[in-house]
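Heads up: the protein sequence lines correspond to chains A and B, in order. The first sequence begins at 1 in the numbering used here and counts up by one. The second sequence begins at 1 in the numbering used here and counts up by one.
Just so you know, the hints here were simulated from the structure itself, not pulled from any lab data. Beta carbons are placed, not taken as given, at the ideal position from N, Cα and C, and that holds for glycine. Do not take every clue at face value.
As the list claims (entries may be wrong) - Quick list of simulated restraints, FRET-style, between CB atoms: (1) B:Tyr-220 with A:Tyr-97: 52 to 62 Å; (2) B:Ser-207 with A:Gly-13: 34 to 44 Å; (3) B:Glu-223 with A:Glu-200: 58 to 68 Å; (4) A:Glu-200 with B:Thr-173: 29 to 39 Å; (5) A:Glu-80 with B:Ala-219: 36 to 46 Å; (6) A:Pro-160 with B:Gly-13: 15 to 25 Å.
What the hints assert, rightly or not - Keeping only pairs whose Cα atoms sit at most 30 Å apart, straight-line, the calculated BS3-like set for lysine-lysine is: (7) B:Lys-165 with A:Lys-165; (8) B:Lys-218 with A:Lys-165; (9) B:Lys-144 with B:Lys-205; (10) A:Lys-144 with B:Lys-24; (11) B:Lys-77 with B:Lys-205; (12) B:Lys-205 with B:Lys-218; (13) B:Lys-144 with A:Lys-24; (14) A:Lys-78 with A:Lys-144; (15) B:Lys-165 with A:Lys-205; (16) B:Lys-165 with A:Lys-214; (17) A:Lys-165 with B:Lys-77.
There are 2 protein chains.
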Amino acid sequence: MIVASTSTLYGGGYLEYLLPELSKFFENVSSLLFIPYARPGGMSHDDYTQRVRTAFQPLAIEVKGIHELDSARDAVKKAEAIFVGGGNTFVLLDRLYQEDLLPVIREVVRSGTPYLGTSAGSNITGPNVMTTNDMPIVDPPSLKALDLLPFNLNPHYLDPDPDSKHQGETRETRIAEFHTYNEQVVIGLREGSWIEVRDEQMLLKGSLSARIFKPGFKAYELETGQDLAPLAGQQ
Amino acid sequence: MIVASTSTLYGGGYLEYLLPELSKFFENVSSLLFIPYARPGGMSHDDYTQRVRTAFQPLAIEVKGIHELDSARDAVKKAEAIFVGGGNTFVLLDRLYQEDLLPVIREVVRSGTPYLGTSAGSNITGPNVMTTNDMPIVDPPSLKALDLLPFNLNPHYLDPDPDSKHQGETRETRIAEFHTYNEQVVIGLREGSWIEVRDEQMLLKGSLSARIFKPGFKAYELETGQDLAPLAGQQ
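This is chain A alone, in the form it adopts within the complex (with noise of 0.2 Å):
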């Protein structure tokens, strides 16, 4: 898997920062079956899949969207590699749910299909949804998503702005909160990173460090090029 913190870098091209590794990532890959539901900007399915097709011909690899096929979750099984993009975590995990797709992607790639997520896609790959930056714009039956990861994300991490005048919460201070109700570890992910998982090995990769958030203890900087998984039993 590669569970990415953003599509996009700031002057960049969608997917462009990350083309070097999907190139090595789906190098045996021909034809990738590409997931919109997440709908950025509300976006229709059709235009968000053409967006990805664009982006993946340079590696010369074909995409579907799911929503062309007539069975999702055939189209999940047979597919060689799967890639979900960012948007609304909610709209995305909503819509998930109405397929029951969580169970059939959790499987498949448990078995080995190569997997790709950027933001809302990197999202769901956690136990649960429940440290998304989103706006909860549909309430979907559960916040339970796929459970491949051992904690959860926070995309697009954010430091605290020590110049802020502005009085909401900061990305921190959520977190903190999260850690009132639950127990999981929270790696706060930048822009720029991503994790690698490969068989028991989980990677940050990129050239930033990731914020580390348990329970109980301190937040702190986790260098890139460290293995997470030994975070999982921590709780």
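We have chain A already, so just place chain B on it with the hints.
Only chain B this time, still in chain A's reference frame:
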């Protein structure tokens, strides 16, 4: 009702900027029922109530925490006035559902009990809390709320930062996504703004304008002093 974006302005004390308004609003009130369930920063109900008690001392208003009383429902029915403080909107709403308090709060406020809300306590005055900024750290049975105001609120409204390199959605993008799935008008209420509801009038107060989001229309500014009630029918 007084429905405020925030309890606190940068550099100011808790409720300080609102005190002149509250001294008029609560002129005939000697005791206030405080609902601390939103638990800002995970703070205990006792600590939060103590903070509010201190803030209301200059107005000679006695503050009771709803958690200190035998029956929460009776406490609401008998309250001279109600204040629901800010924190996490999901935590607040979940607890209100657990104690089945939404119908009784709705009823007494409609019958004239003065209601003060800040932040999360303001969010719940709309039809639902789907335009909250908060993290879904608990999962309430529903996102439907008090439905005392005919539109949704986005407290702590923030304008897009033109210098930002961050790729997370702006508040305006999030609210546009909300309108892909929902019809309610959304009021982006900046810190320092509040809505004063008296009979049929809903005046925007404070020094700032508010940002108005209607589905299918470009967002626009409404100047302070204007009546928001006419927006109610426009869905």
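Status of the hints after comparison with the structure:
For B:Tyr-220 and A:Tyr-97, the Cβ-Cβ distance of about 36 Å falls outside the hinted range of 52 to 62 Å, so the restraint is violated. In this structure, B:Ser-207 and A:Gly-13 meet the distance hint of 34 to 44 Å, their C-beta atoms being roughly 42 Å apart. Between B:Glu-223 and A:Glu-200 the C-beta distance comes to about 60 Å, which sits within the given range of 58 to 68 Å. For A:Glu-200 paired with B:Thr-173, a C-beta distance near 38 Å keeps the hint of 29 to 39 Å intact.
Taken as a hint, the range 36 to 46 Å holds for the pair A:Glu-80 and B:Ala-219, whose Cβ atoms sit roughly 42 Å apart. For the pair A:Pro-160 and B:Gly-13, the beta carbons lie near 21 Å from each other, so the given range of 15 to 25 Å is met. Taking the CA atoms of B:Lys-165 and A:Lys-165, the gap is about 19 Å. The hint holds against a cut of 30 Å. Taken as a hint, the B:Lys-218 and A:Lys-165 pair is honoured in the structure, with Cα atoms around 27 Å apart against an allowance of 30 Å.
Pair hint B:Lys-144 plus B:Lys-205 holds up; C-alpha atoms about 26 Å apart against a cutoff of 30 Å. Our distance criterion of 30 Å between C-alpha atoms is broken by A:Lys-144 and B:Lys-24, whose separation comes to about 46 Å. Our distance criterion of 30 Å between C-alpha atoms is met by B:Lys-77 and B:Lys-205, whose separation comes to about 28 Å. For the hint pairing B:Lys-205 with B:Lys-218, the CA-to-CA distance comes to about 23 Å; that is within 30 Å, so the pair holds.
Our distance criterion of 30 Å between C-alpha atoms is broken by B:Lys-144 and A:Lys-24, whose separation comes to about 46 Å. The suggested pairing of A:Lys-78 with A:Lys-144 holds, with an alpha-carbon distance near 24 Å, which does not exceed 30 Å. For the given pair, B:Lys-165 sits about 20 Å from A:Lys-205 by alpha-carbon distance, which is consistent with the 30 Å threshold. Of the pairs offered as hints, the one joining B:Lys-165 and A:Lys-214 holds, with about 28 Å between alpha carbons and a cut-off of 30 Å not exceeded.
A distance of roughly 38 Å separates the Cα atoms of A:Lys-165 and B:Lys-77; the hinted pair therefore is violated under the 30 Å criterion.
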